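**Q** Spelled out, the chains give:
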Amino acid sequence: MKILVAVKRVIDYNVQIRVKEDGTGIVTENVKMSTNPPDDNAIEEAVKIKETGKATEVVAITIGEEKAQETVRKALAVGADRGIHVKAEGIVEPLVVAKILQKIVDKEKPDLVFMGKQAIDDDCNQTGQMLAALLNWPQATFASKIGIKDKVLEVVREVDEGLETIEVVIPAIVTCDLRLNEPRYASLPNIMKAKKKPIEQLNASDLGVDTKSRIEQIKVEEPPKRKSGIKVANVAELVQKLKNEAKVI
Amino acid sequence: MEYDVVIVGGGPSGLATAIKLKQLDANLNVCLLEKASEIGAHILSGNVFETRALDELIPNWKELNSPIKTKVSKEKFLFLGKKKSLSWPTWLLPSVQKNHNNYIISLANLCRWLGEQAEALGVEIFPGFPASEVIYDENGAVKGIATQDMGIDKQGNKKDSFESGMELHAKVTVFAEGCRGHLGKQLIKKFDLNKGKDPQQYGIGFKEIWEINEKNHEKGLVMHTAGWPLDNNTYGGSFMYHAENKQVFLGYVIGLDYKNPYLSPFDEFQRFKTHPAIKKIIEGGKRISFGARALIEGGLQSLPKMFMPGALLIGCDAGTLNMPKIKGSHTAMKSGMIAAETIVENLKDNKDLSIYEDKFKKSWVYEELYRARNVKPSFNWGLIFGIIFTGIDQILFRGKLPLTLRHKHADHETLRSASETKKIDYPKPDNVITFDKTSSVYLTGTNHTDNQPVHLQLKDPNLPISYTLEKFDEPAQRYCPVGVYEVQIENDKPKFIINSQNCIHCKTCDIKEPSQNINWVTPEGGGGPKYGNM
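Going down the list, the protein sequences come from chains C and P.
The first sequence stops at residue 256 when you use this note's numbering, and every number in between is there.
The second sequence stops at residue 544 when you use this note's numbering, and every number in between is there.
It is worth saying that the hints were derived from the structure and are not from the lab.
Source: prediction; values computed, not measured.
Heads up, some of the hints might be wrong.
[Unchecked claim] Derived Cβ-Cβ restraints for the label pairs, each shown as a range:
1. P/Lys-290 - C/Asp-29: 20 to 30 Å
2. P/Lys-169 - C/Glu-72: 56 to 66 Å
3. C/Asp-29 - P/Lys-269: 28 to 38 Å
4. P/Gly-91 - C/Ala-243: 32 to 42 Å
5. C/Lys-152 - P/Pro-319: 52 to 62 Å
6. P/Glu-228 - C/Ile-225: 41 to 51 Å
7. P/Gly-166 - C/Lys-152: 24 to 34 Å
8. C/Leu-249 - P/Thr-100: 16 to 26 Å
9. C/Lys-204 - P/Gly-166: 55 to 65 Å
10. C/Leu-170 - P/Phe-172: 41 to 51 Å
Backbone N, C-alpha and C define an ideal beta-carbon position, used for all residues, glycine too.
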C-alpha cells in the first residue's frame, strides 16, 4: 500500500502575524516558516502505518515556491521515502491544490491520501474534501484515530457532538486532526539521510493545471484591538451601559 | 558521528569560523549546531555593522545580495535630562564612536545570509539542535559535544516522541554560543580559563523595531543617548537606528552591575521612550518587534583564555565585544576567522591550539580591545566622571594611557539589600508608546514545548523565598525582561514560580542572580524566540 501525504509550508504557529501596511497581505519576509502542524500529524500517521508493515511507501508532496521543499525535506527526515515538489508562485487556492493533487494521484496511484484537516494560514479546510470530490473517493475528515482492516479504514472523527466512528473503503482521503498522534522529532542522522533522498520537481503548468486565483482578495486587515475593561459601580450602571453604549440589550 | 570540526552556535563568530575553514580547506568536514529553530531566530543586536571582518572574509559581499544596505548617513548623541536633551557635537565624540563607514543592519538577517554562504561551501548546519553537554576524552581534552535528548516530559520520563541526543566528536570543537553560553561557562570553570582575569561584566540589551511616520524617518541616522532615566551611578544608554522601510531599531542597554534590586531594566527602557526627544520620533508609529539579550561588557581585562585542549572559545562566548564602540559583530567574526586559521594549522601541521593566543594578540581585534579597555571601568565613578575620563583616554590618548583600570566585582555581587534601597515607581504602560511584559513577550514568538523539564534550574529550590525574597525582594521578578519569574502568594505563603515557557534565552538570570542560584541549561531544540529581522 502506498500513502501520499500533502504538506504545506506556513508561517510558524508561534510567530505573531503582521499585516502589511497597504492591506495587500501579510508580512512573510524573514519570518520563520514551518510545516502546517496537522500536516505533521498526517506524515507521522503515514510513517507509523508503514512501520507496522501495512504500507510499503510514503510519498510526501508539497506545492509552492522553491523554499517549500523544506517541508518535504522535513517529512523525509521523519520517515517519508521520497518527495515531490510542485512549483507554484504566490497563493495557491484549495481548488488548485486539489486539482494538482488529482494529477499526482493519477500518476502515483496511491491507495491513501493524507493531509492536515486545514492549514493554519488560510484556515480553508477545503482541499481534502475537494480532492475527494474530484477523484470520487470516500473521505474521512478530522481524523483522530485511524485503524486499517484490509481494504477498509476505521476512522474516529472529531465532531461537534463528540467522536464519530466511520468506515471508508480504500482508496480514500483522510484529513488529520492534531489529536491523531504526537509527531516525532527528526534525529540528526535521519536529517542527514533525508538530504540524500530524492525530491522530484515539477511545474504546476506541466501538469496542465491553471494556477490562476478564482478568488479576488480585496483587503487584509488586523482584527480590531480589544478595548480595556472598565469597572461599574452598580447593576443599574451596568444595564445602562450595556443598553446605551455596548448596545447589546 | 565524527567530524573534523564541530561548531556550537550559528551567530557571527561560529558562521565566520565555518566559512573560513571551508575557504582554507574545502575537504574539512565541518558541522555547525544551532539551538534556534533556524539560523538567525535567536540573534538580537542593534546593529551598526563595521564591515572590516566581513571585507576580509567575503570581499565581494556587495555582489552577493547581502542584507547590508543602509549606510550610516548622520549621527547624533544626546544627553537626556528628565524633560530636556542636550545634543553633543559629533566632532567631540571619540573616533571609536564615529560610524560614517558603517551600515545599519539586522544581524539576524546577516546571520541567515552567512548561513547560506556556509551551506554553499558545504558546511553541514543543523538548526534546532542545542549542544547540551561537553564530551571529554580520557585525558580530559574536549572530544566533542552531545545534543539534547528530545521528547522528555517534566518528570524526566520519555514521551512517545522521544528522540535520543547523540554525541558528535570532532578533532577540534569550537564554542560560539554567544554571551554567557552555558557550555562556555562550564569550560571556563573546568579549564580555569579566566585565571588572573577580572570578573566578566555584562549588560542587558533591549530592542524594539518600530515602523514610524515617514516625516520622522531619516534613513541612515544613528542616534545614541545617555542619562535619563538612569541615575548617575547606573551604566547604560540607548540607541536608535533608522533602517530601511520606515523602520527604526530602538534599544536600550543597562549594565548588569546596577545596585538597586528594585531596578527593572525592562521598565527603564519603556520609560525612556516617553522622553519628549524620543516620543516625538516614534509617536504615530507602531511597535512590530521586541526582544532582549545579555551582552558582554568586560573587554580585555575579563577576556578568558580562548583555547583549551581540543577546543576554542570564541566571540562573546569568551567576550570579544568592544564596549565603547558598542559593537561586537566584527570582532566576533574576526575571532572566528582566527580560530579557523588556528584549526587548519593544528590539523595540518600538528601545531598546538595555543597558537590561537599569539594570532589573536597580533590581530586588529586585540589592538581594538586594548584601546577600549578603560572605558567601561571608568564609569564606576559615575556617568560624569566616566565621560570626562573617557574623553581624556579616548580622544587625547586614543586608548593608549599607560594604566589599566580593573573590574572589581562580578555583576551578581553588586546588589544592595532591599532595606537599604528605594522602590522605583514605574509609570503604567499606555499601550501606545510603552507596553507591559506580557504583550512584549508575545512579539518575540517564544515558545517551549509544554511538557518538558524546566530549563531554568535552581541549585537550591528554597533559596528564592528563604533568602532572595527576604534580602532583595526577589529581583528576578524585575531583571527578567519577560516575566519568567514571579512570586505568588499561595495559602498566605509566598511561592516562587518559573514560567520557563516564556524564556527568550537572554541569560540575564544566570548572570544577575545574587547567589548564582539559577542555572540556565538548554531546553528542547527549536524552543525560544523566533526573531525575524532583529
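**Q** All hints are to be evaluated individually against the structure, with a verdict given for each.
**A** Hints, one by one, checked against the model:
1. One distance hint, 20 to 30 Å for the beta-carbon pair P/Lys-290 and C/Asp-29, holds here, with the actual separation near 25 Å.
2. The hinted window of 56 to 66 Å between P/Lys-169 and C/Glu-72 is violated, with their beta carbons roughly 34 Å apart.
3. Taking 28 to 38 Å as the suggested C-beta distance range, the pair C/Asp-29 and P/Lys-269 does not conform, at roughly 48 Å.
4. Between P/Gly-91 and C/Ala-243, the C-beta spacing of about 49 Å breaks the proposed range 32 to 42 Å.
5. Between C/Lys-152 and P/Pro-319 the C-beta distance comes to about 54 Å, which sits within the given range of 52 to 62 Å.
6. Checked against the hint of 41 to 51 Å, the pair P/Glu-228 and C/Ile-225 fails, with Cβ atoms roughly 35 Å apart.
7. The hint said 24 to 34 Å for the Cβ distance between P/Gly-166 and C/Lys-152, and at roughly 29 Å that hint holds.
8. A beta carbon spacing of about 59 Å between C/Leu-249 and P/Thr-100 contradicts the range 16 to 26 Å that was offered as a hint.
9. Taking the beta carbon of each, C/Lys-204 and P/Gly-166 are about 34 Å apart, not inside 55 to 65 Å as hinted.
10. Take C/Leu-170 and P/Phe-172: their Cβ atoms lie about 27 Å apart, and the range 41 to 51 Å is violated.
Going down the numbered hints, you'll see the structure goes against 2, 3, 4, 6, 8, 9, 10, while the others check out.
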